[in-house]
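Undergrad: Letter by letter, the chains look like this.
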Amino acid sequence: MERIKAIIIKEWREVFKNKFVLFTVSFLPLMITILPLFVLYFAGGSDDFASISAADLPPQFEQLCGDVIGGDCMLYYIVTQFILLFMMVPVIIPMTIASYSIVGEKTTRTLEPLLATPVTTVEILVGKGLAGVIPAVLTTWIGYLVYAAGAYLMVSNTAVVSKLFDPLWMMAIFLVGPLLSLMGVSIAVMISSRVNDPRVAEQISGIFVLPVVGLFIGQMTGMILVNETFILWLAAALLVLDIVLFYFAVQVFQRETILSRWK
Amino acid sequence: MINNSPIIVTESLTKRFGEITAVNQLTLSVQRGEVFGLLGPNGAGKTTTVRMLAALLIPSGGTAQVAGFEIGEDDQDIRRKIGLLPESPGLYDSLSAEQNLAFFGSMYGVENIAEQIQKYLELLGLWNRRYEPVGTFSKGMRQKLAIARALLHEPEVLFLDEPTSGLDPQASKLVREFIEDLRGEGRTIILTTHNLEEADRLCDRVAVISGHLLALDAPGELRRKIFGRKVVFHLQEANQALVGTLEKFPFVSEVQAVDNKILAAVENPEEQNPELIRALVNGGAELQFVGELRRRLEDVYLELMGAVEDNNHGKN
Ligand SMILES: Nc1ncnc2c1ncn2[C@@H]1O[C@H](COP(=O)(O)OP(=O)(O)O)[C@@H](O)[C@H]1O
Ligand SMILES: [Mg+2]
Chain A
1 MERIKAIIIK EWREVFKNKF VLFTVSFLPL MITILPLFVL YFAGGSDDFA
51 SISAADLPPQ FEQLCGDVIG GDCMLYYIVT QFILLFMMVP VIIPMTIASY
101 SIVGEKTTRT LEPLLATPVT TVEILVGKGL AGVIPAVLTT WIGYLVYAAG
151 AYLMVSNTAV VSKLFDPLWM MAIFLVGPLL SLMGVSIAVM ISSRVNDPRV
201 AEQISGIFVL PVVGLFIGQM TGMILVNETF ILWLAAALLV LDIVLFYFAV
251 QVFQRETILS RWK
Chain B
264 MINNSPIIVT ESLTKRFGEI TAVNQLTLSV QRGEVFGLLG PNGAGKTTTV
314 RMLAALLIPS GGTAQVAGFE IGEDDQDIRR KIGLLPESPG LYDSLSAEQN
364 LAFFGSMYGV ENIAEQIQKY LELLGLWNRR YEPVGTFSKG MRQKLAIARA
414 LLHEPEVLFL DEPTSGLDPQ ASKLVREFIE DLRGEGRTII LTTHNLEEAD
464 RLCDRVAVIS GHLLALDAPG ELRRKIFGRK VVFHLQEANQ ALVGTLEKFP
514 FVSEVQAVDN KILAAVENPE EQNPELIRAL VNGGAELQFV GELRRRLEDV
564 YLELMGAVED NNHGKN
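From first to last, the protein sequence lines are chains A and B.
So the first sequence is numbered by the numbering used here: it starts at 1 and just counts up by one.
So the second sequence is numbered by the numbering used here: it starts at 264 and just counts up by one.
Hints were generated in silico from the structure; no laboratory data involved.
Glycine included, every Cβ here is placed at the ideal spot set by N, Cα and C.
Hints are not guaranteed to be accurate.
[What the hints assert, rightly or not] Facing chain B, from chain A, some residues (calculated, C-beta under 7 Å):
#1 Glu2
#2 Thr110
#3 Leu115
#4 Asp166
#5 Pro167
Using the sequences and the hints given, assemble the complete structure.
TA: Dropping the structure here:
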């Protein structure tokens with residue numbers, strides 16, 4: 001545990017000195033929080049929304065909105081779309097941090113003295129992984145709370161607002177979010193073990209991660225019925241996926257190859 | 264300090280990278296407390312050897328024990344017992360000197376970490392700079408910090424891979440003096456270098472390698488084995504008659520007159536020189552002084568490398 005803690009703190013000291021990482025970690029959640037608030041602000045006050053009737057909306061919306069009808073359903077639809085955007089934050093932030101922290105150790109040649117210590121591969125990867133997952137999850141939660149608070153202030157229909165705090169979204173943010181970030185970090189670790197440029201590592205990880213995220217988002221936005229049971233199944237599936245991915249990440253992190261590939 | 268219990272033993276240790284055989288059937292042993300040099304040109308396999316012994320690379324063949332543990336089997340135990348100064352210092356630039364050491368200290372599980380950090384930063388003259396980011400350090404300072412890192416957990420065996428290469432003369436001198444100080448503490452040091460003077464000065468024994476082992480002995484013995492010991496007789500005037508006088512002795516070879524000197528290879532100068540001096544004086548020589556021609560390790564090295572080259576040409 002001491003070693004893992006030391007790795008996390010070291011990672012933060014190092015990686016947040018990198019401007020690109022700092023930008024990704026602070027600017028992305030900020031954008032994803034502020035932008036929808038603007039949209040809500042303008043849409044909420046608009047007359048066009050008030051005149052929308054249930055007949056104007058596609059049939060899936062009825063399923064999505066339940067009691068909330070007409071313009072408010074449209075509003076709720078927009079609100080939920082933005083929450084889904086939040087699910088990008090826990091994936092992208094740890095991917096960026098992990099890519100920079102592993103490839104960074106290769107380019108600065110710090111990996112050799114690190115691997116010469118009695119630290120185990122699992123300790124290194126857990127430390128580096130958590131160094132990405134912790135800030136990612138925290139920013140997601142903070143962003144969500146800011147967004148929810150903003151929505152509460154701007155949207156007058158309490159039925160719409162209370163839907164933001166229903167168990168469905170709570171579970172999505174507080175359960176699925178962290179699990180998604182574990183997935184992002186495991187994939188980034190695997191890719192980073194094989195490439196020598198952090199940006200390439202990040203991009204390749206993105207290619208792998210985004211379709212998976214897209215799939216979940218697609219399912220959640222009304223293609224199928226999203227309810228608590230579904231979210232729980234999703235969380236369980238993600239948990240299994242995370243365990244499998246982390247296992248592979250440890251296997252891929254071959255000390256000898258990583259050290260001697262880099263000349 | 265040196266006693267006769269080997270702390271490192273290798274047996275036909277071999278490492279191949281694809282087609283290249285970087286280390287070829289290396290068999291040697293290092294005694295506890297010894298400063299042991301691995302000497303060889305670039306690409307001789309010094310770093311690869313050190314990396315195998317530090318449990319970083321898996322050998323392609325052969326075996327090795329370090330501090331009583333088998334490489335490839337007890338790697339974690341070995342890592343606890345050894346300290347490594349890699350070829351490039353590998354420090355975290357945005358962390359301070361102290362943070363760098365504290366991090367590695369916790370990787371090694373050093374208990375009295377604050378004291379250890381202070382001890383080595385003071386010894387290496389970096390204590391006043393401890394809060395500064397390593398990115399601002401000179402090459403020499405980085406090297407010293409990396410040496411401090413290798414010593415934090417008081418390893419039994421210290422591997423120093425080219426500790427002075429790339430440093431300016433002043434920094435090299437400091438590092439060399441520090442290594443000399445370390446010798447006194449009974450720690451085993453494996454030092455790789457292509458600097459002959461360094462090997463000559465610091466090492467108890469030197470292994471000359473170029474893929475495989477070319478020679479292994481104390482620096483002085485290497486010189487003697489390869490060139491024998493040469494005695495120089497300084498005379499008022501050298502002549503062929505005096506050369507002839509020396510050539511009669513069975514233990515003398517390669518006698519030659521150069522200017523007013525006579526050079527002769529003598530098997531055991533301490534015992535045999537008095538006899539030779541008597542013969543020269545009786546032969547009418549005006550003897551001014553007698554000395555030994557000191558070969559440099561460099562000559563030994565060039566001779567060995569020359570042999571390697573000849574061999575290679577022979578094969579082609
Ligand atoms: N990771 C590696 N991959 C391929 N070849 C390597 C690798 N490391 C070293 N070599 C090769 O092995 C030989 C020995 O290298 P090295 O041990 O670094 O020598 P030295 O430290 O004596 O300069 C060289 O020919 C080098 O190119
Ligand atoms: Mg080398």
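Undergrad: Starting from the hint list further up, note which numbers the structure goes against and sort them upward.
TA: 4 and 5
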